[in-house]
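Whenever a hint applies, use it, and build me the whole structure from the sequences.
Top to bottom, those sequences are chains R and P.
Be aware that the first sequence starts at 4, since it is given in my numbering, and climbs by one per residue.
Be aware that the second sequence starts at 2, since it is given in my numbering, and climbs by one per residue.
A portion of the hints provided could be inaccurate.
Said to hold, decoys possible - Here are the simulated lysine-lysine pairs, DSS-like style, with alpha carbons at most 25 Å apart:
#1 K53/P x K76/P
#2 K184/R x K354/R
#3 K452/R x K183/R
#4 K354/R x K175/R
#5 K167/P x K53/P
#6 K452/R x K463/R
#7 K427/R x K109/P
#8 K463/R x K109/P
#9 K442/R x K452/R
#10 K463/R x K222/P
#11 K278/P x K222/P
#12 K183/R x K109/P
It is worth saying that the hints were derived from the structure and are not from the lab.
Spelled out, the chains give:
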Amino acid sequence: MKFPKLLLSVLIIATLSNCDNDTDNPIPSIPDIELRTMAGGNTTIFESGFFSFDNPAPNLSAENLEMHLDGDAQFEAAFVTAPAEINPGLGVQFNNTSCIACHPKDGRAGFPSDINSFSGFFLRVSIPGENENGGPNPVPGFGGQLQNHAIYGKQPEVQFNVTYENIPISFKDGSEVILKKPHYTLYDSYIPLPANAMLSPRIGPPVYGLGLLETIPAEDLLVLQDIDDIDNDEISGKANMVWDPISETKKIGRFGWKAGAPSILVQSAGAYHGDMGITSPLFPIEADYGQTNGDNSLNNEPEISQEILDQVTLYCQTLAVPAARSLDDESVVRGYELFLDAKCNSCHVEKHTTGTNSSIPAISNQIIYPFTDMLLHDMGDNLADNRPEFLADGNEWQTRPLWGIGLTNKVNGHTDFLHDGRAKNIEEAILWHGGEAKKSQEFYRNLSKKDREDFINFLKSI
Amino acid sequence: MKNLKSLLKYAFLVVFAVGIIACDNDDSDSDSTPTISYLEHLTNMSENVIVKTYEDLSGKGAALFNEAKNFQNNKSAATLDQVKQAWRSARQPWEQSEGFLYGPVDTKGIDPAIDSWPVNVVDMDALLADTVNHPTITEAVVDAQVDEAKGFHLIEYLLWGIDGNKQVADFSDRELEYLVAACENLKNKTNTLHISWATNEENYVANFTNFGVSYEYSAEKNALEDIVTGMIAIADEVGNGKIEAPLNGEDGSGVDPSQEESRFSHNSKIDFSNNMKSIANIYNGKYYNDGKGISDVIASENATLDATFRQEIIDAIDAIDAIPGTFTDAIQNNRSVVEDAQEKVRTVQATLESEIKPLISSL
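This is the structure:
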C-alpha cells in the first residue's frame with residue numbers, strides 16, 4: 004500500500020522538477036564566468052557604450068601604445084586626389100576614402116540605403132579558374148574587386164544595383180519572419196564585363212580583437228577541421244590555405260569573409276590597395292593600372308610608407324575587446340543552454356589560447372572567447388556567393404567571431420549582420436544559417452518565443 | 002476508496018510543495034539599496050546642452066547659407082566679410098559640440114559630411130571646371146561628392162583661399178555657385194543633426210532619459226560613462242592630434258604647418274578653445290541655462306576633485322586663448338606657449354581618464 008504511494012509521489016516530483024525545460028542540459032550558471040567576461044584576455048576593456056570598439060588594449064607596452072595611437076590617426080586619415088599636401092593618392096578607382104569610413108568607430112558598416120553612395124559595401128569579382136597563386140581569377144579590365152567611385156572626371160568601373168527576393172521563414176509557434184535575399188547586378192560598367200563574371204558582396208566588418216585571432220596557433224585551428232565529416236555530425240570545417248605575398252607561400256587564411264587573407268598586414272595592405280587605390284610597398288602598382296579609367300603612370304613612390312602600413316597593422320592587431328556583460332543573468336544562462344543544445348559551438352567554438360607574437364606581448368598567451376573556429380563551412384545555397392576564393396568553394400564562408408555583436412547597435416546605430424549586411428538583426432542572422440548549420444537553424448526555429456529571446460540575450464552578452 | 006482519497010490528498014500536497022520550491026524562477030535583485038537618480042543631470046545635459054548646441058549650429062548653418070547667397074548676389078568686401086563671419090559663427094557651436102560626438106552625429110555620417118579634412122582640392126577644382134556635366138552646381142551635386150569636397154573646410158577654402166587672403170575679385174561665379182551649394186548642404190546636415198536629437202522630433206534625447214531594453218543604455222550610469230568618454234575623446238583629439246600634428250609633425254619629426262586644420266581662416270585657436278568649452282559645457286551642465294551636469298555628480302562624491310577639474314578646464318581654455326597671434330605663427334615662433342596649452346589640455350584628459358571616469362564607473 005505504501006509503496007505505490009511513494010512511487011507516485013516520486014514520479015510527480017520528478018515530472019514537476021523538470022519544469023518547462025525541454026533541454027537535455029539544464030545548467031544553473033555559465034561556467035568560468037570570470038574568464039569569459041575577459042573575452043579578450045588581458046586585452047579586455049570594460050566598455051559597453053558608444054566607444055566600445057575603439058580603445059587600445061589596456062596591457063600594451065608603452066612603445067606599442069605609441070605605435071597604436073599613430074595607427075589610430077592613420078586609420079582615420081582621409082585620402083584625396085593627388086597632387087595634394089596631405090594624404091594624396093586616392094583612386095583613380097575606389098570605394099571609399101578612409102579606413103574608418105567602412106569600419107566606423109572600428110565597428111561594422113551598415114548596408115547603405117543608396118547602394119552607390121560612399122559606404123562600406125562593395126562587390127568582389129572574378130572569372131572561373133584561378134590566378135597563378137591559386138586565388139580568384141581576376142577579370143581583365145576590372146581585377147578582383149569592383150569600384151563604384153572614381154576621382155572626379157574618371158568613370159567608375161561600375162555602378163551597383165540590388166533587388167530583393169522574400170524568403171519567409173516560419174517558427175514552430177506559427178510566427179514568421181521574412182528574410183530579404185539580395186540579388187546584385189551591375190550597370191554603367193565602363194567596359195562590358197564577361198558573362199561568366201562571378202560577384203561576391205562584402206561589407207566592412209569590425210576590427211577589434213584581430214591580433215588575438217591572428218595569434219591563435221595554426222595547428223590549433225587545423226585540428227578543428229573535419230573536412231570529410233568523419234565524426235558524422237554534419238559539420239565539416241575546413242581551413243582556407245591562401246597565398247601570403249610576404250613569405251610567398253601558402254598560409255592558413257584568417258581574415259576576410261571567406262578567410263582569404265593570411266594576416267592583418269596583408270588584409271590591410273589589400274584594403275588600402277583595392278578599397279582606396281592607395282599603393283604601399285607590398286602592393287606598389289595601382290589595382291587599376293592599365294585600365295582606360297585607371298592609373299597609367301608607374302609611380303616610384305608608394306602612396307603610403309611601410310611605416311604607416313605597419314602602424315595601421317599594429318593598430319588593428321591591438322584594439323581592445325569589450326568585456327562580456329551580464330553572464331549571470333538568468334535569461335542569458337538559459338540562452339547559453341540553448342546555444343549548446345543547438346550545437347552552435349560546433350563552429351562558433353567558444354575558447355582559444357593565443358600563441359606568441361614576439362613584437363606584441365599583450366596579445367600573446369591569452370585565453371580568449373571569440374566564438375569562432377576560424378574555419379570555412381558550407382552555409383547553404385541561400386547565403387552562397389558562388390565565387391570560390393582559394394580553397395573556399397562557392398557555398399563556404401568563414402565562421403564569424405561573435406564577441407561584441409551585442410554592442411553593434413550602440414556603437415554603429417544599426418544591426419546589419421553577415422557578409423553583406425542582409426540580416427537585419429541577430430535573429431535573422433541565425434535564420435540565414437543553412438548547409439552544415441541547417442539542423443542548428445531548425446532547432447532555433449522550433450524554440451518557443453521565450454526561449455528564442457533568451458538565446459538572443461545570450462548572443463548579445465558575449 | 003479510502004486509499005485513493007488519501008493518495009490524492011498526499012499527491013496534492015506534494016504537488017503544492019514542489020510547485021513552490023522547484024519551479025521558482027524569481028530573480029530577486031541582489032541588493033535593495035536605493036540608488037541615487039541622476040535623471041535631472043542627464044535631462045539637463047541632453048536637453049539644455051546638447052540639443053541647444055545643435056539648435057544653435059542648425060540656426061547658424063542656415064545663417065551661413067543666407068550670407069553666402071547674399072555675397073553671391075552682392076559681391077563686395079563687406080558682404081565677403083559677413084559670410085566669413087557667418088562661417089566663424091557657425092563653426093563655434095560645431096566645435097562646442099565635439100565634446101559629445103556620439104549618437105546620430107556619428108551613426109548618420111554627419112560629422113564626416115560637414116567636417117572632413119583635408120579638402121580634396123583637385124576634385125573641387127575639377128567640379129568647378131566641369132560646366133559640361135554640371136552647368137549649375139546645386140546642393141544635390143555637392144551632396145554627391147566625396148566628403149572631402151564638401152563641408153566646413155571646403156567652404157573655408159573657397160572663402161579664404163590657400164593663403165588666407167582671397168579677394169572679392171578672385172571669386173568666379175562658378176565658385177560662388179559651389180560656395181552657396183556647399184553652404185546649403187551644410188545647413189541641411191546641421192538641421193538633420195538637430196532634429197535627430199530634438200525632443201519634439203526624432204528625440205535621441207530619450208536615450209538619456211529612459212533606460213532599459215528599448216533604449217541605448219540599460220542604466221543611468223552607463224549614459225554618464227559615455228558622456229565622460231566623449232569628453233576624454235575630444236581632449237585627446239585636441240592635445241594629441243589637432244595641436245600635436247602641426248606642432249611636431251605626424252611622426253614627431255618636426256613642425257608641420259600643413260597639418261593645421263583651420264589654417265586658411267586662422268580659426269584653429271578658436272576651434273581648440275571651443276572644443277575645451279564643449280567639455281566645460283557638458284561637465285558643468287551649462288550652455289544658456291545653468292543646470293546639473295557631471296560636475297554635480299562628482300561634487301557630491303568628491304568636492305575637491307570637482308573643484309580641481311573645473312579649474313583645469315578653465316586653465317586649458319585660458320592657455321589656448323593666451324597663444325599670441327595665429328596658431329600658424331605660434332607653432333613656429335611661440336612654441337613654448339603652445340606647448341603649455343597642450344600640457345593643460347593633456348592634464349584635463351588625464352584627470353578625466355584617471356579620476357573622473359573611474360568615479361562615475363564606481364557609482
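Going down the list of hints, with the structure as the test:
For the hint pairing K53/P with K76/P, the CA-to-CA distance comes to about 33 Å; that exceeds 25 Å, so the pair is violated. Among the hinted pairs, K184/R with K354/R is inconsistent with the structure: their alpha-carbon atoms are about 32 Å apart, more than 25 Å. Restraint check for K452/R and K183/R: the C-alpha separation of about 22 Å stays at or below 25 Å, so the hint holds. Distance hint between K354/R and K175/R is unfulfilled; the C-alpha atoms sit about 32 Å from each other, more than 25 Å.
This hinted pair does not check out: K167/P and K53/P have alpha carbons roughly 34 Å apart, beyond 25 Å. Taking the CA atoms of K452/R and K463/R, the gap is about 16 Å. The hint holds against a cut of 25 Å. Pair hint K427/R plus K109/P holds up; C-alpha atoms about 17 Å apart against a cutoff of 25 Å. The hinted pair formed by K463/R and K109/P meets the criterion: a straight-line CA distance of about 23 Å does not exceed 25 Å.
Between K442/R and K452/R the CA atoms are separated by roughly 18 Å; this keeps the pair inside 25 Å, and the hint holds. A distance of roughly 20 Å separates the Cα atoms of K463/R and K222/P; the hinted pair therefore holds under the 25 Å criterion. For the suggested pair K278/P and K222/P, the alpha carbons sit about 23 Å apart, so the restraint of at most 25 Å is met. For the hint pairing K183/R with K109/P, the CA-to-CA distance comes to about 23 Å; that is within 25 Å, so the pair holds.
Checked against the numbered hints above, the structure breaks hints 1, 2, 4, 5 and satisfies the rest.
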